[in-house]
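Take 1 as the starting number for the sequence shown in full-length UniProt numbering and just add one per residue.
Watch out, some of these pointers could steer you wrong.
To be verified - With a straight-line cut-off of 16 Å between C-alpha atoms, the simulated EDC-like cross-links for lysine to aspartate or glutamate are:
hint, residue 1, residue 2
1, K286, E251
2, K286, E231
3, K97, E68
4, K286, E317
5, K286, D261
6, K286, E340
Think of the hints as simulated: they come from the structure by calculation, not from any bench.
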Amino acid sequence: MSEPLQRRVAAAFETAVGLLERGGEDTELLRRALAAERDRARRTMSVAVVGRISTGKSTLVNALIGEERLATGSQELTYNVNRLRHGPRARLLVRYKDGRPPRPFDPGRLAELTVRRERRPEEIDGIAEIVVELPSPYLRAFELIDTPGLDSVFGQDSLNTLEFLGLDPGEVRSATLRHAASADGLVFVVPVRGPSAGDSRLLAQYLGPEFVAATPLTALGVLTKCEQEWEPGGPHPMELGRALAGRMLRETPGLRRRLYDLLPVCSLTGQAVAGLDEADLARLGKLAALPEPRLHAALFAAAVFAGPGDGLPLRQEERERLWRRFGAWGIHAACRALREAGGGATVAGLRERLLADTGMTALRERLSDHFGHRAALLKLDAALGRVRRMPQTLAAGLGPRERAALRRAIGVIEDLALNEPGFAELAALRSLYGGQLRFSDAEGEELRRALGEFGRRPEQRLGLPSATPAPRLREAAAERHTAWLLRWQSGLLSGPSREAARTVVRAYEHLLHELPRKGREMRPPDGAA
């Protein structure tokens with residue numbers, strides 16, 4: 001949250017809490033609820049990662065934070081909720097359901113506390129959530145919440161895993177729904193392969209009644225495990241992933257009104273990059289020295305590549321470890337990058353190349369751009385929604401005087417929102433995603449672009465190349481400002497459509513103010529890095 005807005009939010013909630021103090025014990029519950037909203041607004045934005053069992057949620061989170069912290073694998077199950085946030089050093093804190101004080105643990109025990117329930121069932125059962133603090137730069141922008149599997153229909157493998165761990169399917173599902181509902185943003189994880197591969201109905205189920213509040217403002221989809229689609233000599237797995245993601249977006253009714261985008265990633269390889277070191281570089285270098293057809297022949301199956309060897313370099317256990325961590329495509333991609341680098345390959349250079357190849361760089365940027373630049377407004381908007389529901393959810397039995405005090409307290413938060421310019425943009429986007437605007441598809445895309453949905457830089461908001469000179473940017477902004485001003489003044493629009501057109505006009509006015517006139521340097525937009 002930007003510092004000025006954070007101060008305004010804190011001051012508004014303090015005023016609102018103060019208005020309820022004269023109600024005595026009758027309004028204590030309301031005061032605590034408003035104070036909780038104040039404290040929540042001060043925290044970093046939280047993004048919950050949700051998906052069915054074995055969709056690769058934990059692998060994706062590991063890849064995002066650049067550390068292999070969360071347990072993964074076909075026989076693993078994230079049972080307890082893991083809240084990952086930034087901290088000066090690695091730290092693990094367990095919060096309990098019965099209200100006892102949080103207890104610190106050694107960070108190395110994370111897997112034991114989230115997965116291996118059969119060892120200490122009485123301790124694991126009582127955990128509400130596990131807070132993991134890491135000095136990961138990526139967690140400065142927002143917290144990531146790794147949730148249990150969301151399964152309404154369980155396959156036999158999932159049932160076997162749950163039975164082995166002694167879990168109730170309903171308990172696992174309710175834990176995910178509870179923490180997803182409390183998050184500021186959602187990332188829905190869908191695997192590219194498995195029982196639900198390519199099934200557009202699966203995503204529709206994800207976005208059912210439990211996630212009715214999910215909109216493109218707060219929800220993003222990720223298509224994981226794309227490296228599993230690769231065959232030696234075949235297309236890049238990201239090409240296949242993009243094609244499948246596009247088909248799912250087209251075929252799932254209403255999906256584009258619920259998700260900002262559906263992005264493919266090679267998540268297993270992305271996770272492996274986190275642990276890439278000099279020893280890996282040396283091992284992969286030996287494999288890269290093989291002729292590519294010879295390497296491809298070995299990569300057709302684990303039994304071949306990780307078998308006795310048949311003349312392959314490296315010890316068998318080294319090849320087995322590379323296969324488990326990187327997968328066939330990851331090994332291929334790393335070896336190709338090393339060949340292209342010649343003798344100048346470095347760990348840092350290979351990491352950068354693989355993160356780009358796996359789609360992880362693009363996903364990190366999209367998450368930061370999409371959830372980051374509107375984080376303060378989204379948090380305030382969500383808080384306002386919860387505050388507005390307080391008369392129905394928390395005010396039962398209050399007298400007229402207490403209810404009047406509550407209305408005044410809510411009015412303070414309403415006034416704050418009314419005076420925040422960004423709320424007009426949120427309203428316009430929400431109306432667009434809700435199908436309430438009388439705009440053409442092209443106008444809807446321009447509205448999204450002008451309001452920063454595809455990036456905050458001037459050229460991104462104008463749909464122009466990154467190298468576009470400032471005079472051309474200003475010319476284009478002036479053209480679009482005039483076009484939308486005429487649209488707004490035409491008398492053909494009413495209600496939300498007219499308000500949205502006026503919001504686009506204002507967006508272009510702000511953009512013209514940001515762009516340099518002749519002889520002046522360009523100023524970055526507010527909130528830009």
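* Asked: Between K97 and E68, does the CA-CA distance stay at or below 16 Å?
  -> 27 Å, violated
* To do: Could you grab the alpha-carbon distance between K286 and D261 and see if it respects the 16 Å cut-off?
  => Since the Cα atoms of K286 and D261 sit roughly 39 Å apart, the hinted pair is violated (cutoff 16 Å).
* To do: Compare the distance between the alpha carbons of K286 and E231 with 16 Å, and conclude whether the hinted pair is satisfied.
  => Cα-Cα ~21 Å, so violated.
* K286 and E251: Cα distance at most 16 Å? -> 45 Å, violated
* To do: Would you check the hint for K286 and E340, treating anything up to 16 Å between C-alpha atoms as holding?
  => 14 Å, holds
* Are the Cα atoms of K286 and E317 separated by 16 Å or less? -> 15 Å, holds
Violation of the numbered hints given earlier is confined to hints 1, 2, 3, 5; the remaining hints are satisfied by the structure.
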